[in-house]
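Chemist: As a plain string of letters, each chain reads:
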Amino acid sequence: MRALAIATLCAALGWLISPGISQAQSLTHNILLIHGRSDSSNEQFGVFTTDQHQYWSGSPVTADGHVYFVQWDAWNRKFDDTTCPGGQCIIQNAVNALCDANNNQECWIICHSAGCSAFENYLAKSNYCCNSILIAHVMAASSAAGGSEIANTLSWVGHTIDQSLTTGYSRGAYNHNNMQGVVVRGFGTTHNTTIPACLFFPGQSGSGLNPDCNLCGLTGARHCADGAVALHSTCGHNRAASFQDCNSTLAPHTDTAGTYSFHGWWITDHECNALGGTGCNWSGPFSSGTNWNASFKTYNVDHGGGANDALAEYSAAPYALCP
Amino acid sequence: MSNARKHGRTLLRWAKSRLAALFAELKPSASPWARKKRGFCARVPLIGLVACYALPAVSAAQVSEGDATPLNSMVAYREFIKYPPESRPLVGANWDLLNPWSVDAATLPMIPTRITAQVESMRRAGVAEDEAWRGVTLPAALPKYRFELNTAVLAGTRHELKATLTFMPDQAGGPAPQVNITRAELVGDADFGSPALGAVPYSCQAGNATCTFRWRAPAARKEYWGVINLVVTANLVGSTDELVMRQSFYSSPMTAGKFTGQFQERLENGSLVIDAGVNVTSRMACFVSSNLYSIDKGLPSQHVERRLIVDPSMRSIAFTFFGKIFRDYGHEGTFRLQDLKAQCENLHYPPEWFLDSVAHKAELQALQARPPAAKEPSRIYFDYNDYSYTTRKYSSSEFSDREWQSAESTRKLTLYNRAAGELASPSLETLKKELRQGREPSP
Numbered sequence: 003m004r005a006l007a008i009a010t011l012c013a014a015l016g017w018l019i020s021p022g023i024s025q026a027q028s029l030t031h032n033i034l035l036i037h038g039r040s041d042s043s044n045e046q047f048g049v050f051t052t053d054q055h056q057y058w059s060g061s062p063v064t065a066d067g068h069v070y071f072v073q074w075d076a077w078n079r080k081f082d083d084t085t086c087p088g089g090q091c092i093i094q095n096a097v098n099a100l101c102d103a104n105n106n107q108e109c110w111i112i113c114h115s116a117g118c119s120a121f122e123n124y125l126a127k128s129n130y131c132c133n134s135i136l137i138a139h140v141m142a143a144s145s146a147a148g149g150s151e152i153a154n155t156l157s158w159v160g161h162t163i164d165q166s167l168t169t170g171y172s173r174g175a176y177n178h179n180n181m182q183g184v185v186v187r188g189f190g191t192t193h194n195t196t197i198p199a200c201l202f203f204p205g206q207s208g209s210g211l212n213p214d215c216n217l218c219g220l221t222g223a224r225h226c227a228d229g230a231v232a233l234h235s236t237c238g239h240n241r242a243a244s245f246q247d248c249n250s251t252l253a254p255h256t257d258t259a260g261t262y263s264f265h266g267w268w269i270t271d272h273e274c275n276a277l278g279g280t281g282c283n284w285s286g287p288f289s290s291g292t293n294w295n296a297s298f299k300t301y302n303v304d305h306g307g308g309a310n311d312a313l314a315e316y317s318a319a320p321y322a323l324c325p
Numbered sequence: 057m058s059n060a061r062k063h064g065r066t067l068l069r070w071a072k073s074r075l076a077a078l079f080a081e082l083k084p085s086a087s088p089w090a091r092k093k094r095g096f097c098a099r100v101p102l103i104g105l106v107a108c109y110a111l112p113a114v115s116a117a118q119v120s121e122g123d124a125t126p127l128n129s130m131v132a133y134r135e136f137i138k139y140p141p142e143s144r145p146l147v148g149a150n151w152d153l154l155n156p157w158s159v160d161a162a163t164l165p166m167i168p169t170r171i172t173a174q175v176e177s178m179r180r181a182g183v184a185e186d187e188a189w190r191g192v193t194l195p196a197a198l199p200k201y202r203f204e205l206n207t208a209v210l211a212g213t214r215h216e217l218k219a220t221l222t223f224m225p226d227q228a229g230g231p232a233p234q235v236n237i238t239r240a241e242l243v244g245d246a247d248f249g250s251p252a253l254g255a256v257p258y259s260c261q262a263g264n265a266t267c268t269f270r271w272r273a274p275a276a277r278k279e280y281w282g283v284i285n286l287v288v289t290a291n292l293v294g295s296t297d298e299l300v301m302r303q304s305f306y307s308s309p310m311t312a313g314k315f316t317g318q319f320q321e322r323l324e325n326g327s328l329v330i331d332a333g334v335n336v337t338s339r340m341a342c343f344v345s346s347n348l349y350s351i352d353k354g355l356p357s358q359h360v361e362r363r364l365i366v367d368p369s370m371r372s373i374a375f376t377f378f379g380k381i382f383r384d385y386g387h388e389g390t391f392r393l394q395d396l397k398a399q400c401e402n403l404h405y406p407p408e409w410f411l412d413s414v415a416h417k418a419e420l421q422a423l424q425a426r427p428p429a430a431k432e433p434s435r436i437y438f439d440y441n442d443y444s445y446t447t448r449k450y451s452s453s454e455f456s457d458r459e460w461q462s463a464e465s466t467r468k469l470t471l472y473n474r475a476a477g478e479l480a481s482p483s484l485e486t487l488k489k490e491l492r493q494g495r496e497p498s499p
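Protein chains in written order, with this note's numbering: chain Y, 3 to 325; chain B, 57 to 499.
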């Protein structure tokens, strides 16, 4: 009885310091899918429970979650545009509406390509550290957050979004280290289509290269990119240069080769680090056919394949990881 | 490359002990130690509030290794809030923070414009990027070019762009391509309809292997604002093929203010505070940052990035370099402040809404339906500066080694804890397994 009284007192006092956060109700699990660069001609903007834009290959399997498709104008707007339907505006509104623990909401984010640029921009500029928004995971598939050399070359003939997808603009728009304690788990994708990979993306020769990356020229150089973005972007590296693998700054990893803070690969964590082993319940990837390269922490799929892998991984992961 | 494997079992052991410690701290019901803490809570309610708030969550006995990843979100957040969000350790690997105005240069192919036009035509017709490139015939040799910029952002009308263009052979060791530049001009931001902004003066070194372009915004006018493209048209000697090389940069001819170069330092609660003088011209939501270097160690020490509203009434902005970071990294002696930068948001609503969008979500949601008619670039900077300031000498003991604490971050930790607890559901685990296997869920 005394313990019950103490617990009641404590709960009541706890309530006083966080008046908006109810413990009576379970958290609702919302899964936000944020698409990348795409022709928005017939797109409606905002948050939808169906894939009105028909961007994704499907919907993630969920036991008790609610899937929302976040649709922004990733064609005629820049990812950091604070006016709707720009990326910053639509995503900020979506997160505030669906990821607020004051409303008993918790979010899982699956972003693809420029959708990751828009989401990271939102997060880095928000006061996530100290507000009631609750984000469990960010699965960043083929992230364009570090920009693309294709945009460097061809943004002039593209659309407004392309001006913001250059390496210079993407990396200068916000502090990529400032994820405010939210970990971004990247799907670094390496399946190349020979011509763009060799023409535009950085490469390197030497030993220990990623065999999944494109072999270019006569020097044996490997250029690691998925046809649209290079690993420097998809893996969250802080230099726009040639990288052969993903690294991590998620504890206990302390990559010193240049990865933005709070960025790592899907999936790494203290317990399993994605590699399985005795007593390890997290041995992702959880789905088959992702073409995971365990040595380099990359996926041998093309740019669109990254989105498919993220959906497959969410679907196949245990409930406790991806509800 | 194989961090994961190297750390292997040590990692697992470390993780288990770490998580156990976390649970001991966050779940008072989990251990005798925790039971004592519960009593403490009852006796000293104001201090016990936070710890007690975790009580309704799961107990340690309910948590298996399978809960590790949700908990790791909490672990990461907990690591983050060890220091204040605006004060972060700065190390040599933080290349981007150490070079706040720079971005790596890319080496790109010199593709004749007739070919890029063909590719673009196919792209517009809906042909995929890679397919479009397969559909054209590229020259046997494609020389390369590389733009090195002194800055990726021009802040103010006195800040000059220096872009060095280097031509390189198709294969390493080959002769440098002979290039004739016929035009160099600027094109403005797509938000303003990509206006032509005129010619750019340049000079080439002997052999034309390297050319330098210089430009600064002639006036604080909108057409010079946003993404500006430097477009260089050329041809290879002996070829009629036109080549176009482009390099974009961001220009902010209008500025929200400037740093004055005046500084004052003080110790406050065991942290070093440096007030940097400012003249603010516009009231805006800004990210104001600076770097601190340890002069004695010759190492970067801290990066501070404040998220605040700047206002014309302000005379200085305080940068707080957190005491515990100095202690944890063993930095003492004299320090140098540099890399002062302020990046502000071009908003069409009050900056308070941006800083606390959760509190103003209804207003922001309402704006979604009526965006402004004209598009504009998103960033405005303070004038570029190269000020630096050297502090007096500090001994380690002058800095506090207290961790940062705030009610908000403690509340968020509690939320993470609660969220992880709610995911420990064997029945939902089974349900998801059945769903992903395409089976009818068990009744």
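Since the hints were derived computationally from the structure, they do not count as laboratory data. Be a bit skeptical, because a hint or two may be false.
[Stated by the list, open to error] With a straight-line Cα cutoff of 20 Å, these simulated EDC-like cross-link-like pairs (lysine to aspartate or glutamate) come out:
1) B/K489 / Y/E45
2) B/K278 / B/D247
3) B/K138 / B/D457
4) B/K218 / B/D160
5) B/K397 / B/D442
6) B/K431 / Y/D66
7) B/K449 / B/D297
8) B/K380 / B/E321
9) B/K138 / Y/D41
Chemist: Now tell me if each hint is right for this structure.
Modeler: Outcome of the hint check:
1. B/K489 / Y/E45: Not OK: B/K489 and Y/E45 at ~34 Å, beyond 20 Å, violated.
2. B/K278 / B/D247: holds, 10 Å
3. B/K138 / B/D457: holds, 11 Å
4. B/K218 / B/D160: holds, 15 Å
5. B/K397 / B/D442: holds, 10 Å
6. B/K431 / Y/D66: violated, 40 Å
7. B/K449 / B/D297: violated, 62 Å
8. B/K380 / B/E321: Roughly 18 Å between the alpha carbons, so the hint for B/K380 and B/E321 holds.
9. B/K138 / Y/D41: With Cα atoms ~43 Å apart, B/K138 and Y/D41 exceed 20 Å; violated.
Hints 1, 6, 7, 9, counting from the list given before, are not met by this structure.
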